[in-house]
Structures are given as C-alpha cells and as structure tokens.
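Trainee: Listed in order, the protein sequences are those of chains A and B.
Residue numbering for the first sequence follows our numbering, starting at 84 and increasing by one per position.
Residue numbering for the second sequence follows our numbering, starting at 86 and increasing by one per position.
These aren't lab readings, by the way, just hints derived from the structure by calculation.
Quantities reported herein were computed from a predicted structural model and do not represent experimental measurements.
Note that beta-carbon positions come from the ideal geometry of N, C-alpha and C, so glycine has one too.
Some hints here could point you the wrong way.
In silico contact screen, one side only, chain B against chain A (beta carbon under 8 Å); selected entries [claimed, not checked]:
1) Ser100
2) Lys101
3) Gln112
4) Leu117
5) Phe314
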Amino acid sequence: MNLRDYPRPFYAINQFCQAHCSELKGQSFNFVMDGGYDYALNFTGETTLTWSINGAEPKEATFECVKGDETTYLVDFDVVELLDTDQRANELFVIDLDQRLVTRVYCHIGYNARLPYLIKSNYDFGAIVVEGKETPFKRHCYSSELIGTTVEWHWNYEMWTHHKYYDSDYYTLTWPDDSAAVQNLGGPFEMLPSHDDVTKVIKIKDTMYLFCLTEELMERVLQGPVFRCNNMIFLQNYDRMYHAGRTFGTVMMDGKTVPCRTLFGSFGNPIKLPDSVLYAENAYTV
Amino acid sequence: MRNYTYVEGGVFIKSKANMAEQYGIGQYRYPLNYELVGKTVTAVADGKEYTLEFACKKNVVFNGAKTEYECIKCAPGLYFVRVGFDVAVIDYNNSAVTFIIEGDIVCAAFKGVEGAAAHTCAGDEMVGTKVRWVLGCDRYINQEFTAADKMNVAWSPRDEKVTENAYRAVKIGGPYYLVDMKSDILKDVCAPFFTDHVIAVQDYDRCMTFGVVFGKGFDPIMITGYAKFL
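Using the sequences provided together with the hints, build the complete structure.
Mentor: Here it is, written out as structure tokens:
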C-alpha cells in the first residue's frame with residue numbers, strides 16, 4: 084500500500100504538532116510576577132493542574148503542554164468557569180527551568196461590545212521561586228531581535244507558509260503557489276488589503292522567542308468569514324528551526340462560531356523572499 | 086547577546102533563521118522526553134524477560150546493566166528510546182515493546198498485562214510507498230519501498246544517487262511502523278560517511294518520523310523529520 088493514501092483526517096496546522104508532554108506531573112511551581120499577581124501551579128495529573136493567584140483558593144483546569152527544548156515548556160489552559168460563555172479566557176505560561184524564569188500570557192475574549200470576538204492579550208514576566216536559591220532578577224523580555232528574519236514554516240506535508248518579521252508589532256504572512264495554503268488560507272486572506280497582522284515578540288533566550296500573533300483583521304476588517312479572531316502563540320526554537328504552540332480564538336464552521344483551540348507545530352528553513360514581499364507596505368499603518 | 090551591529094547610517098540586524106548546520110541530520114530532533122523517568126517496563130518474548138528501569142533523565146538499567154538513553158515521544162503512549170546502541174519502541178497503547186538488540190528484532194509484550202500483544206512483522210504493507218523524510222534544512226532521505234525487504238534510497242543533495250538497501254519493518258499498529266534500514270557507506274551526502282543503520286518509527290497519520298542513525302566513528306544521531314510524498 085502506498086502509505087501516502089493512509090486514511091488520515093484533514094490536518095491544517097496541527098499535523099506536525101508534538102504529542103502532549105506530561106513530564107510536569109507531580110511538580111509544583113511558585114511564580115513571583117512583576118505585575119504583582121503571583122501564581123502557584125500544581126500539576127496534579129498528566130493533563131490536570133490546580134492554579135491560584137496570590138494564595139487564593141486553587142482552581143482546577145485541564146492543561147496542554149509542548150516543549151521548546153529540553154527545559155522550556157509551553158503550558159496553557161482555559162479558565163474553567165468561563166468555558167461555554169462569551170468571555171472565554173486562556174492562561175499560558177512559558178516555564179523556563181534552565182533560567183528559572185516564567186512568562187505569562189493571559190488572553191480573553193468578549194471585552195469589546197462592537198467586536199465581541201476580539202482577543203486581548205496581557206503579558207507578564209516573572210521568576211520561579213526555588214527554596215534555598217536566590218530568585219533571578221533577569222526576565223524574559225519584549226524583543227525586536229526577530230526583525231529581518233524570514234522563515235518558511237512547514238505545517239503539514241503539503242502546506243507551508245512564509246513569515247516575514249519586519250517589525251516588533253506586525254508580521255507578514257505569505258505562501259507560495261505550490262503550497263496547500265493556497266486552498267486552506269487563500270480566499271479569506273486574499274480579501275484583506277494585506278497580510279500583515281498584530282504581533283508581540285518575547286525573548287526567552289538567545290535562540291528562542293515567544294511569537295504572539297493575533298489574527299484580528301478577520302474580525303475588524305472582514306467581520307469574520309473564517310476566523311472571527313484567533314490568537315496563536317508560537318514557542319520558536321531558532322537553534323533547531325522549529326516551533327510549537329497553541330491557538331485560542333473563534334472560528335466559523337458551517338455558519339456557526341465555535342472555539343478555535345488546537346496545538347500546532349512546524350519545521351522551518353530560511354527563505355529568501357522577493358523584494359515585492361520584503362518591501363511591501365503595511366496597509367494598516369501610516 | 087544582541088543580534089545587531091551598528092553600521093554607518095544605522096544598524097544591521099542579523100536574521101535568526103539559519104541552516105543549523107551544526108546538527109546535520111539531527112537538526113529537527115524534537116526535545117528529548119523525560120516522561121519515562123521513574124518507570125519500569127518489563128516485557129516478555131519467547132519466554133525471555135526484558136526489563137527497562139528508567140532511573141533518571143540520562144540512564145536506564147536494561148536487563149541489569151546501566152546505560153545511557155535518549156527518548157523521543159512519538160505520539161500519546163508511544164516512545165522511541167535509544168538505549169546505548171540498541172533501540173526500544175515502547176507502546177503503552179498495545180502494552181508492547183519492540184527491541185532491536187545487537188541488530189536482532191525482538192517483539193515483546195508487557196509482562197502480566199491482560200490483552201498485551203507483541204508487535205508483528207509488517208510484511209509487504211509498506212511496498213509502494215515513496216516518501217522523503219526531511220530531517221533538517223535541505224537534509225533529507227528518500228525512501229521507496231519496493232519489496233518487503235528492499236527499498237531504494239537516496240540522501241540529499243544527491244537525489245540521483247539511488248541505492249538498493251535492505252530493510253526490516255515492524256507494524257506497531259495503526260499508522261505506525263518501525264523501519265530498520267541497513268545503509269551502505271555514503272559519500273557527499275547529508276548523512277555521515279559510515280552510516281550503518283537508520284532505525285525510525287514512521288507515523289503515516291501525522292506524517293512524521295522519529296528515530297536514530299547509527300554508524301562507525303560517530304555518536305548515534307537522534308532524528309525527527311516530516312514527510313513529503315514523492
């Protein structure tokens with residue numbers, strides 16, 4: 084049998100994602116955060132944890148976990164009491180055991196009456212408290228170091244896209260004609276004035292960045308033919324050229340809006356983009 | 086460390102994208118997985134018992150002998166483990182372990198687990214498959230399964246240099262196969278000159294591979310790659 088024809092489901096960006104990592108089971112962490120809201124995470128099972136803020140009563144959640152390298156974990160979970168509401172929220176932590184640092188991203192939906200699916204992201208930096216050890220004063224940090232980087236990301240065996248990182252707050256998405264992105268992404272994205280969208284880049288270490296992207300133009304400009312709004316967070320490893328991440332948002336499916344939640348991953352290589360892409364104007368900025 | 090330098094008129098910012106040449110065919114290797122730490126796996130094949138005791142992140146006691154190991158998680162409940170110069174594919178979903186010990190394939194079932202069933206030979210199930218496994222930037226192996234024990238192989242960048250290699254395949258279950266390919270000496274390709282064996286779990290659902298490359302004169306290279314069908 085030509086195993087190309089193996090009866091697999093349709094994969095878009097989630098074919099090359101890592102299997103969920105349950106290594107943190109049994110471990111507890113205390114994070115001292117610069118924003119003043121300290122967190123305690125207690126990994127109670129392979130997919131379950133409890134979390135609390137500033138010593139409040141712990142709450143339970145089901146978590147996902149993928150790794151950026153041997154000692155860096157991306158952990159995220161939805162806030163249970165907000166599931167099945169119009170105000171869903173997602174907590175995401177990058178737990179960096181090597182440097183004993185942590186980055187928190189809190190994303191929530193439903194704060195905006197006119198654009199109800201828009202996602203707001205809040206970022207905070209902190210350190211992991213370890214008894215008997217001095218708490219680090221360094222932090223993960225916002226970064227402009229990705230500027231000038233262009234990458235071809237391979238998401239599944241027939242879809243690859245090009246990312247151009249030219250600004251701390253925006254990136255450009257394109258794809259070549261021989262990629263299944265033409266079919267999977269083409270139509271709705273082509274309806275936009277340009278493929279730039281809103282980003283935030285956080286440096287985890289010299290070869291690792293947390294690339295946070297919110298596909299909000301679908302909501303703001305097009306009123307959501309596909310994504311009503313989607314937040315993607317990539318833990319990008321430029322030492323080995325791959326990333327892992329998760330989505331949080333709302334997608335249109337069969338005419339209905341449903342939560343868009345998946346883990347993803349892809350493999351990258353440097354790409355030389357044509358000048359027409361490299362020097363294209365961002366249609367959304369002055 | 087900043088990745089920009091001041092030049093006349095402004096700054097030059099170096100791209101972070103790179104070929105990661107220092108890793109060769111091991112470039113895309115996924116982060117090592119430590120979920121097995123503290124676990125013991127005991128399996129039986131032909132009345133003989135095999136035990137793996139994962140003492141820590143680096144060492145495993147295999148049949149009483151301590152050796153170093155590396156583990157990649159292929160899928161939920163499925164682990165590819167290099168145990169020194171041997172291999173163990175631990176499959177919690179079917180309560181089975183397939184070992185490759187000193188070149189011999191041993192399909193074993195978990196001891197004392199009801200319903201445990203050892204993996205079996207894949208026979209000619211893979212014949213007709215023609216796939217490229219991309220292991221890094223411009224680093225790949227093309228495999229065309231032509232018979233139950235033969236495949237045509239080429240390594241980048243010499244796509245035209247096709248050789249017929251022997252292989253053995255074990256059906257892990259579902260989309261997963263363990264493929265042990267014997268290699269000839271290689272020249273001017275992305276894999277090391279003295280590559281001897283390429284042993285990998287191939288997942289035809291996620292279209293990814295996880296394994297190890299063994300050979301003389303170099304340390305074992307753990308690999309991860311993605312498929313492009315040819």
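Trainee: Give a verdict on every hint.
Mentor: Quick rundown of the hints versus the structure:
1. Given hint, B/Ser100 at the interface with chain A, holds; its Cβ is 5 Å from that chain's nearest Cβ, closer than 8 Å.
2. Of the supplied interface hints, the one on B/Lys101 holds, with its beta-carbon coming within about 4 Å of a beta-carbon of chain A, less than 8 Å.
3. Evaluation of the B/Gln112 hint against chain A yields a held restraint, the C-beta minimum of about 6 Å falling below 8 Å.
4. Interface restraint check for B/Leu117: the shortest CB-CB distance to chain A comes to about 5 Å, inside 8 Å, so the restraint holds.
5. Contact between B/Phe314 and chain A, as hinted, is supported at the beta carbon level, the nearest pair being about 4 Å apart and thus within 8 Å.
Checked against the numbered hints listed earlier, the structure breaks none of them; every hint is satisfied.
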